[in-house]
Structures are given as C-alpha cells and as structure tokens.
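Colleague: Using the hints, position chains B and C against chain A.
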Amino acid sequence: MLASGIKVLFAGQNMQRLLGGFLVTLRVAIIVLILGGILGVLLGALRTLHNRPLRIILRIYLEIFRIVPTVVLLFVAYYILPQTFGLNLPGEEVAVLVFTLWTAAEMSDIVRGALESVPVHQKESGLAIGLTQAQLFRYVLIPQAIPVALPGTINLATRIIKTTSLLLMISVMDIVNVGQTLVEANGHKNPSAAFWIYGMMFILYYILCAPLSQWAKRVEKKRLERANG
Amino acid sequence: MNWTVITQSLPQFVAGFGITLKLSVIGILGALLVGAIISLVQYFRIPGLRQLATVYIEISRNTPLLVQLFFIFYGLPGLGVKLSATVSGVFGLIFLGGSYMAEAFTGGYNAISKSQIESGRALGLTDLQLARYVVLPQGLTASVPALAANVIFLIKETSIFTVIAIPELTNTALDLIGLYYNSNEYLFELVVAYAIILIPLSLALTWLERRVRYASFGN
Amino acid sequence: MAEELLRVEHLKKSYQSKEVLHDINFAIHKGEVVALLGSSGSGKSTLIRTLNGLEDYQGGTITFAGETVHPSKATWLALRQRIGMVFQSYDLFPNLSVLDNILLGPLKVQHRSRAEAEEDARKLLASVNLADYADRYPRQLSGGQKQRIAIVRALALHPEMMLFDEVTASLDPEMVRGVLDIMTDLAKRDMTMIVVTHEMNFAREVADRVLFLSDGEILEDRQTAEFFAHPATKRAQEFLASMEF
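Taken in sequence, the protein lines are chains A, B and C. With the working numbering applied, the first sequence corresponds to residues 1 to 229, in that order. With the working numbering applied, the second sequence corresponds to residues 1 to 219, in that order. With the working numbering applied, the third sequence corresponds to residues 1 to 245, in that order.
If you're looking for bench data, these hints aren't it; they were derived computationally from the structure. Keep in mind that this is a model prediction, so the values were computed, not measured. Take the hints with a grain of salt, since some may be wrong.
[Said to hold, decoys possible] Pairs of lysine to aspartate or glutamate residues, derived as EDC-like cross-links and limited to a Cα-Cα distance of at most 20 Å, are as follows:
| # | chain 1 | residue 1 | chain 2 | residue 2 |
| --- | --- | --- | --- | --- |
| 1 | C | K30 | C | D221 |
| 2 | C | K123 | C | D100 |
| 3 | C | K30 | C | D190 |
| 4 | B | K156 | A | D109 |
| 5 | C | K12 | C | D56 |
| 6 | A | K217 | B | E58 |
| 7 | B | K82 | A | E184 |
| 8 | B | K114 | C | D56 |
| 9 | C | K234 | C | E217 |
| 10 | C | K18 | C | E217 |
| 11 | C | K18 | C | D56 |
| 12 | A | K221 | B | E58 |
| 13 | B | K114 | C | E55 |
| 14 | A | K221 | B | E103 |
| 15 | A | K222 | B | E103 |
| 16 | A | K217 | B | E103 |
| 17 | B | K114 | A | E220 |
| 18 | C | K108 | B | E118 |
| 19 | B | K156 | A | E63 |
| 20 | B | K114 | A | E225 |
| 21 | C | K123 | C | D135 |
| 22 | C | K188 | C | E4 |
| 23 | B | K114 | C | E166 |
| 24 | C | K123 | C | D190 |
| 25 | C | K108 | B | D127 |
| 26 | C | K12 | C | E220 |
| 27 | C | K123 | C | E160 |
| 28 | C | K73 | B | E118 |
| 29 | C | K30 | C | E160 |
| 30 | C | K73 | B | D127 |
[What the hints assert, rightly or not] Estimated spans, in silico, between C-beta atoms of each pair:
| # | chain 1 | residue 1 | chain 2 | residue 2 | range |
| --- | --- | --- | --- | --- | --- |
| 31 | B | T206 | A | L23 | 40 to 46 Å |
| 32 | B | Q8 | A | A227 | 55 to 61 Å |
| 33 | B | R211 | C | D132 | 25 to 31 Å |
| 34 | B | R213 | C | D181 | 30 to 36 Å |
| 35 | C | Q237 | B | R211 | 55 to 61 Å |
| 36 | B | A165 | A | K221 | 40 to 46 Å |
| 37 | C | Q110 | A | P147 | 45 to 51 Å |
| 38 | A | P147 | C | D181 | 43 to 49 Å |
| 39 | B | T206 | A | A227 | 24 to 30 Å |
| 40 | A | H188 | B | A165 | 17 to 23 Å |
From the three backbone atoms N, C-alpha and C, an ideal C-beta is built for every residue, glycine too.
Isolated chain A (complex conformation) (with noise of 0.2 Å):
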C-alpha cells in the first residue's frame, strides 16, 4: 500500500509541479535574506552609536519581533495592509515583506552582537592612532566583526528557508502549498500519496538548510579554534 503511492511523485506533472513550488520558495528565501541582511547590518551599526532613543527605538523593532510568532506577523500585515493602507499586494509581496522586517530584526542583533564583541582596547587604539569613526568601522571593527557574525548569519539563512513555509498559508503556491494540492487530488485514491510527498518536501528543505547548517558548524568552529589559539 505503501509502495504504491510513491507513483503519484512521479506521475504526470508532478514531480515537475513540486519543484516549481519550490524554485518560488527559493526565490522568497533569497530575495528576504538579501534584502533583510543588507537592512539588518545598517540597523545593527546603528544600534552600536551611542544615541540612546535610537538605541531603544530599535530594541523595541527587534523586541516585537521576537516576541510576536511570524505565522501572526504575515496575518497582520495579510489583513492590515489591504484594510488600513488600501495596499493590496500579492501574497508573495506580503510575505517578502514581513520576512524581510523579521530577518533584519534578527540580523540586527548578530551584527550588534559581533561589533561588540570587539575588545574595546581596539576601539581606543584604532582612535589613538588618529582613525575616524568610519575608518574605525571600516579597518578595525567590521574585519574582526565578520567572522564573529559569519555562523549566526549563516543559521539565520537557514532559518528564512524553514519559515518560507509559511507561505502556504497565505495561499502563495510554495512548495508545500504544491504538495498539498498534489495530495488533495490524489488522496482518495492513494492513501499513501501523502507520506511520499510530504517526505519529498522533506527531503528537498533538508537539501538546502543541511549543507549550510553543516557550514554554519564548521565556520563556528574554526573561529573558536582560532580564538583559543
């Protein structure tokens, strides 16, 4: 019974439809973790400056975020922005737009965090040898930043892939909204459909998030061996 399910991947337009979902999913995840990054690392410099209400102005972004779960954050913006705004995007335009505020939330804090860890001695010889602000940032703080930021970053990636899923249910035509059309037309006939598409998706989300996971871990692992000598 279970074997004979496993026709339904390959059947017709299937596979084909499957995939197609998933190229719409990759297109999200990119254009968020593009477009959220770049945001997030302005944010984050900007939360180095010691200007106090700017500082907490952008605490309370990151808090919101963090505390209000993404499924909500896509249903206010879903609902609110047609109503309130008159501003009626597609689905897909929504949740780019939701995942990019979530992702330069997150990426905000990263690049907060890397800055800081940078010893402040550095800071105080960067500046005496007579660096501007800039060049400070430029030649001291953002190289020895990087690696620090690099693993964090890399998992937030990851973690945009995952929440791409969510697209679903906005009714954008991911890849999980693909399957599920696939396993609605074919469930009554084929029990075991489902367990072979949903393991599919599986599979593929593992594809993408496993190698950067595994990069993630080797990044992080390196620089910790580098930091201990």
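Modeller: Relative to the frame of chain A, chains B and C by itself:
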C-alpha cells in the same frame, strides 16, 4: 477598533490561550526530556545510538515544523499510524524541540573548560564521576540561556499548529476572521494574547539566567 | 639515598608528525624536589602532564614505585590517586563548596568514610590557614586562596608524589608568596615533588635538583646549587640570564 467584538470573542480566545499554553508545556517538557537523553547519548558517545541521534538532529533541525506536522498528520497514516491533530502537534513540537534542546545541553557541556576536566581527571575521577560531579552540573548551568531561548521559540512555533486545525490561539483568530471578518480586532487580541504569555516569561527567564549564573559562577 | 619513586626512560611524545619530547630520561627518589625549568615551548608542561596521564606518549617507559606503567585508562585512574597534580588555572569546581571540592576525591575515588575524610580535609585546610573557608564557594575566594585549596584538594588523596604545573603563573604578585610557602612546607615534610615554575628564587631555595629542558630535550640534570652557579650549556646560561631574580 470595536470593543464589543473584542468582549464577545474573549471566551474563544481564553479557550485558545489555554490550549496554546497546555500544548506548549507538554511539548516543551517532552522536548527537554528528549533533548537531555540525546545530549547524554552524545556526551558518552554511546555507539549506535549516537549515530542515530546525529541523524535525528540533522533532520529535525533542517526541516520546518510545518512540513513535520503535515508528515506526521497526513503522511504517517500511509504507514498505518493515525494520530489526532492534537497528538500530532505535540509530537511534532517534541520532534522539533528535542534537537534544539539537545544542542543547548551539548553546548553547555562543551562550555566546560578543558582545565576543569583535567583537574577532575587528575583527582582520579572516572568518566562517569567526571560527568556526574563536574561536567553535568556546570554544563546545565551554562545551557540555561540556550534552553530559555528554545522555550520561547517553541511557544511561538505552536502558532503553526493552526495548519492542522488545532484550536489554539492563532487558529482561533483565523477562524473568527473567516466567520466575521473583524480582522483588526481579532488580530489585536491574538497579538495581545501572545504578549501576555511571552513578555512575562521572557523577563522571568532572563532573571532566572542571571540567578543561575550568579549561583554557580558568581558573576 | 632514598628509594627510587619514579623513573622515566626514553620517553617520546609527538603531536601528529612533530616530535615534542625526545628521549627523556631521569629518575626521582622519594622525598626529592625536582624543578623542571626551561623557556616557554621547551616541553616542560607537556612532560609533567605526561606523568599524570593527561598526555599520551609514543615511546619509552614510565616506572612508578617499582612498577612499569602500562599506559591505559585504568592504570592512570589508579595512579592519579598516588600522583597529585595542581595546575596553573586554579580550577576549583565552581558548583561545589570548598569542602566538597576537597572531599570529591577521598569520597568518590577512594571511597573513604565521610567522617574520617572530612576531619582530614579540615586539618589540611587549617594547615594552609583557610580553616574558616570550608563552606564557601570558589567564587567567594581570591586566586591565591583558590590555588591553596587546589593544592589541598590534591593532598587530600594522600599522594606519594605531587606535580605542580606553573601554579603561581596566573596569580597576582601579592598572592604568590602564600602558595609558594605551602609548597616549601611540603618539601620540608619530604613530599616528592616535580615543579614546573618560573620562580627562580623558589626553585633555587627549595629544589634538590634541576632538570633543564630545551626543545623537548633534557639538556641538564644537576644539583640545584651547581646548576644556578655554573650552568653547563649555553642554552641554560642564556635562560638564566633572561630571568629576573
């Protein structure tokens, strides 16, 4: 914002609130248990089980909860395993959370400095005694921040239970929106409900982290 | 001369393909205090750690109290009760009180009775002037106090030999004296000791013999007074000239 809408829907939200809390607690306790066992399997390098644990952590951490839930709820019946939505949800949360908790525990054990372990060895402690008196007590303390972060993470993840129609908070709000279209009010209630759970909890966990840290390391 | 306690013959140690200890030979008699001197990277820490089974070795033999050490986990577990070791990082276990730190070995490794072991531990604490600190936690102590307790913790097993690996190197200068006094006292009471140290005055006063290591080899094995007065090798002369004492 229409306050009548809010007061009228309050009972449904209270019910959803209870379900979110209940499933979170069960899921988190289960995840802590699974995570603790797995971390010990890895710490003691138990042959066979250790490889199994690695495979589990790999799969659990690199796939979304949503797909895990669909697989458990819709896919497993293909193997003859039929679980209710609620049981699927709890299993899914434990499946996901177990690996996160395991890595938190393991991170704690690994944080124990080499010199602590050598000091223990120099006293003639066996591996088991070293674990029992040196590594585990300190490691648990060191893992508290990561465990706390996972607790918050897992509670938020319960919002995904809505995809298999478990009537928790998010599902309650989406159902009400579907029925009565008052999305502003229902979403407001939803956000407030999560804030009521998560803000005090996150403050309490921060306080706990500090206390535990002070009690064991004095800074 | 007293009975021989430790003999090291043709000891070799490599990390991957790099040999860091070459053909080490020496013997120590009961009650002897040997200072292991040498510049950093000379292999003295590696050598002393090998003598407590914390480093494996690729050749040669170690003989302790007449028995050849078979380098296995079980052998070292048993031997560590007889060979105490104190480290540079005064690693008390932060989760245990001072007393519990000291009692861990006697109770869990030697399975002695609590009453007897505790009485013993309190006596040892009193001998280092820390009798009132039994119930404190490591975080409440200074570095010097922690290191004195780490010594007591090793002594509580009543070892036949003590290894000290740069035990004063991380201490604030004003804490060093107290720790060295305890070691001097131990030496006077005929404890067999191997001491890796940078405290030249201490080595000169307390050690009976000096082993001078350079690049993983013992270049000199001499009576202390002779070594300090007339170092035979150029390396040793340079080393002594570079130290302030």
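Colleague: If a hint holds in the structure, say so; if it does not, say that too.
Modeller: Tested hints:
no., hint, in the structure
1, C:K30 / C:D221, "17 Å, holds"
2, C:K123 / C:D100, "14 Å, holds"
3, C:K30 / C:D190, "8 Å, holds"
4, B:K156 / A:D109, "19 Å, holds"
5, C:K12 / C:D56, "10 Å, holds"
6, A:K217 / B:E58, "12 Å, holds"
7, B:K82 / A:E184, "17 Å, holds"
8, B:K114 / C:D56, "16 Å, holds"
9, C:K234 / C:E217, "14 Å, holds"
10, C:K18 / C:E217, "14 Å, holds"
11, C:K18 / C:D56, "14 Å, holds"
12, A:K221 / B:E58, "17 Å, holds"
13, B:K114 / C:E55, "13 Å, holds"
14, A:K221 / B:E103, "15 Å, holds"
15, A:K222 / B:E103, "18 Å, holds"
16, A:K217 / B:E103, "12 Å, holds"
17, B:K114 / A:E220, "18 Å, holds"
18, C:K108 / B:E118, "16 Å, holds"
19, B:K156 / A:E63, "13 Å, holds"
20, B:K114 / A:E225, "13 Å, holds"
21, C:K123 / C:D135, "14 Å, holds"
22, C:K188 / C:E4, "18 Å, holds"
23, B:K114 / C:E166, "16 Å, holds"
24, C:K123 / C:D190, "18 Å, holds"
25, C:K108 / B:D127, "12 Å, holds"
26, C:K12 / C:E220, "18 Å, holds"
27, C:K123 / C:E160, "18 Å, holds"
28, C:K73 / B:E118, "14 Å, holds"
29, C:K30 / C:E160, "8 Å, holds"
30, C:K73 / B:D127, "10 Å, holds"
31, B:T206 / A:L23: 40 to 46 Å, "41 Å, holds"
32, B:Q8 / A:A227: 55 to 61 Å, "58 Å, holds"
33, B:R211 / C:D132: 25 to 31 Å, "26 Å, holds"
34, B:R213 / C:D181: 30 to 36 Å, "34 Å, holds"
35, C:Q237 / B:R211: 55 to 61 Å, "57 Å, holds"
36, B:A165 / A:K221: 40 to 46 Å, "42 Å, holds"
37, C:Q110 / A:P147: 45 to 51 Å, "46 Å, holds"
38, A:P147 / C:D181: 43 to 49 Å, "45 Å, holds"
39, B:T206 / A:A227: 24 to 30 Å, "26 Å, holds"
40, A:H188 / B:A165: 17 to 23 Å, "19 Å, holds"
The structure fails none of the hints (numbered hints given earlier).
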